[in-house]
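One letter stands for each residue in the lines below.
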Amino acid sequence: MRGDGSDLRVLIIVPAWNEQDSIAATVTEIRTCLTTADLLVVDDGSTDRTFERATEAGATVCSLPYNLGVGGAMRTGYRHALREGYDVAVQIDADGQHDPRFLPLLLEQLGHADVVIGARFADRDDPYKVRGPRRWAMILLAAVLSRVAKARLTDVTSGFRVSNRRAISVFAAHYPAEYLGDTVESLVIACRAGCTVTQVPVTMRPRAAGTASQSPWRATLYLFRAVVALLLALVRDWPAQFDDGVTKADAHGRASLPVDPETPTDAPSKEVRR
Amino acid sequence: MSASAVLGIVGSAIILLSLFEMMRRHRLREKYALIWAVVAIFVMFVAAFPLVLQAVAQALGIQVPANLLFFGASILIMVLTLQHSSELGRLEERTRTLAEEIALLRLAIERPGGLARSSSTTQKPEETPPGEDE
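Chains as they are written, first to last, in our numbering: chain A, 1 to 274; chain B, 1 to 134.
Honestly, the hints are just simulated from the structure, not real lab data.
The reader is advised that the hints may include incorrect statements.
To be verified - Derived, one-sided and incomplete: chain B residues facing chain A with beta-carbon distance under 8 Å:
{"hint": "1", "residue": "L53"}
{"hint": "2", "residue": "L104"}
{"hint": "3", "residue": "R106"}
{"hint": "4", "residue": "R111"}
Here a beta-carbon is modelled for each residue, glycine too, at the ideal position from N, C-alpha and C.
Given these sequences and hints, build the entire structure.
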């Protein structure tokens, strides 16, 4: 599973919550850039027309019955990837921030690591600027996570990442739903499970629709919550006590965690598989 | 028998009775009823033998025995609430897992070539009112 990535089965997971204005464009762009990859939009309990727009744009859409947050949407995606036997799972945000043209670069690095992050701030001339408490939070998170992962990471809150089978089997079982859990804590979990993490510098675009919160008060709150989430992630027992959330078929892949989930089907499998 | 003793005994008797009644009607599970039953019996005991409380308070160096009671009660309520929060977290995690599994099952069923009877199943699943299955 090395090399240019052409022989890999790739699943692109796009978590989408009320993204009707940007989802179609994102889906279309991904489909034009990567013709061989499968695309799964996880509609995270949207109340708008996200489901229809994504379906019309040609994506396979998986609808959660109610909003679970990015963590829930992503774990759904990773479970799908695990059960359908994909080699690579890609996470791309629905808001158009992530440019799928960087994907081949990320996939290339999968030969050297289990998780590859498309990261901002890696180059000095990155046009994406963040200031104030939000920036401090990002620097702190990046510094600590770099130590945990033993690799230089500059943007751990990036939702643009690529995982191989090993990481997929970890994320299918453990993908936190809590705030910042979907990015920061999931990386800590991956590291603890023995996955290697690396990054590839990317430039992100401004959001296609909607606005990111930028008020100073919000930013300070973000810093505070980031610190709490980080500390918790670092001291937490793993696997979590709350993880009832693993079905027998998945536990099979999990029980032998750091190994190859190459043959996760030796159990008498009742699940739908094709 | 003092007024406070009567109050304590009657109060805990009412709690015990309602525990029994709730369990009889399947409104309360045994694992939650047990701790409340223990609390009610303890309150009854303290009400019946107030000297025990006084002795313990004196041994701990607490001037007013009632303060010991208040302290114990607040700690107990805090612990129980904490336990409920943790239980709630587990339930949330379970419903989350169910939601994810439902989404995946729905995907498997409604996908072309899936288990659905016809191929025209591309309409939004939410359009089926809740409780109405195929």
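Each hint tested on the structure:
no. : hint : in the structure
1   : L53  : 37 Å, violated
2   : L104 : 6 Å, holds
3   : R106 : 6 Å, holds
4   : R111 : 7 Å, holds
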